[in-house]
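Listed in order, the protein sequences are those of chains A and F. 1 is the number of the first residue of the first sequence in the numbering used here; add one for each residue after it. 1 is the number of the first residue of the second sequence in the numbering used here; add one for each residue after it.
It should be emphasised that the hints constitute simulated quantities derived from the structure, not laboratory data. Ideal Cβ placement from N, Cα and C applies to all residues, glycine included. Possibly wrong hints are sitting among the right ones.
[Claimed, not checked] To list a few chain A residues with every Cβ distance to chain F over 10 Å, as calculated:
1) 4
2) 7
3) 15
4) 18
5) 19
6) 25
7) 53
8) 58
9) 59
10) 66
11) 68
12) 70
13) 77
14) 82
15) 87
16) 100
[As the list claims (entries may be wrong)] For lysine-lysine, the following DSS-like pairs were computed, each having C-alpha atoms within a straight-line distance of at most 27 Å:
17) A:68 <-> F:44
18) A:57 <-> A:109
19) F:15 <-> F:41
20) A:81 <-> F:41
21) A:68 <-> F:41
22) A:109 <-> F:41
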Amino acid sequence: GQNIDQPTEMTATEGAIVQINCTYQTSGFNGLFWYQQHAGEAPTFLSYNVLDGLEEKGRFSSFLSRSKGYSYLLLKELQMKDSASYLCAVWGRYGNKLVFGAGTILRVKS
Amino acid sequence: EAGVTQFPSHSVIEKGQTVTLRCDPISGHDNLYWYRRVMGKEIKFLLHFVKESKQDESGMPNNRFLAERTGGTYSTLKVQPAELEDSGVYFCASSQEDYSGANVLTFGAGSRLTVL
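Can you make the complete structure from the sequences, with help from the hints?
Given below as structure tokens:
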């Protein structure tokens, strides 16, 4: 089976940096995804890690350690529009589907 | 390109009634997925089509749910008869390739189903 854990809620200040952690236990691993979802909208793809290390994409970075079953999403220079739910999802080696964590609601305050 | 489109955006029905949700994937995407999010819980996999064939329907809750994808284009998800616990947001997603590695899913905005 697969188990994915991430904090339920986080609050950060505009302009700051925030790190959202995700730990996972899977029977097979073939990649970890981060999605952003604003209320009432579609989840949108942010990043994908399949090898250990840091992937940087503008203000967003994602890190993966496969040996530790751990990932984080780093958001820099926070903006009010970054207030959203951030979903960690794992693509298992067995079974062609994404398995999601419950998501982290990020609130950015001025 | 147009994204993944879902209809209706919101449906309110009474217990025992039937509802059909529709998903139009991105043109040319062979993979189509249905997911569901019940309030307070994570987004959960329901099933996966490759073209018109059901590749994996291990997440379908019970036989009150029927998914089809005739012709390998749009898909429908019918719930008959609906129960209170079927309330939630039903997401559709599509992707272009089906290979041994992971692929990026593009999601629709979801169809919110409320069963009274």
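Holds or violated: is the Cβ of residue 59 of chain A farther than 10 Å from all Cβ atoms of chain F?
Answer for residue 59 of chain A: holds, closest chain F Cβ roughly 20 Å.
Given the hinted pair residue 109 of chain A and residue 41 of chain F, is their alpha-carbon gap at most 27 Å?
Status holds; Cα separation ~25 Å.
Checking a non-interface call: every C-beta of chain F should be farther than 10 Å from the C-beta of residue 18 of chain A. Is that right?
Check passes; 21 Å lies beyond 10 Å.
For residue 82 of chain A, is the shortest CB-to-CB distance to chain F above 10 Å, so the non-interface label stands?
Its Cβ never comes within 10 Å of chain F, the nearest being 19 Å, so this holds.
Can we confirm that no CB of chain F comes within 10 Å of the CB of residue 70 of chain A?
At roughly 18 Å from the nearest Cβ of chain F, residue 70 of chain A sits farther out than 10 Å, so the non-interface label holds.
So if I understand the rule, the pair passes when the alpha-carbon distance is 27 Å or less; does residue 15 of chain F with residue 41 of chain F pass?
Satisfied, since the Cα-Cα distance of roughly 22 Å is no more than 27 Å.
Going by Cβ atoms, does residue 87 of chain A stay more than 10 Å from chain F at every point?
Given a closest Cβ separation of 7 Å, the condition is violated.
Take a quick look at residue 53 of chain A and tell me if its Cβ sits farther than 10 Å from every Cβ on chain F, holds or violated.
16 Å, holds
Beyond 10 Å from every chain F Cβ - status for residue 15 of chain A
The claim holds: residue 15 of chain A sits with its nearest Cβ about 29 Å from chain F, beyond 10 Å.
Does the structure keep residue 68 of chain A and residue 41 of chain F at a Cα separation of 27 Å or less?
With a Cα-Cα distance of about 25 Å, the restraint between residue 68 of chain A and residue 41 of chain F holds, given a limit of 27 Å.
Can we trust that residue 4 of chain A is non-interface, i.e. its beta-carbon lies farther than 10 Å from all of chain F?
8 Å, violated
Please verify that the nearest CB of chain F lies beyond 10 Å from residue 58 of chain A's CB.
It holds; residue 58 of chain A is separated from chain F by about 17 Å at its closest Cβ, greater than 10 Å.
In terms of the numbered hints stated before, the structure departs from hints 1, 15 and 16, listed from lowest to highest.
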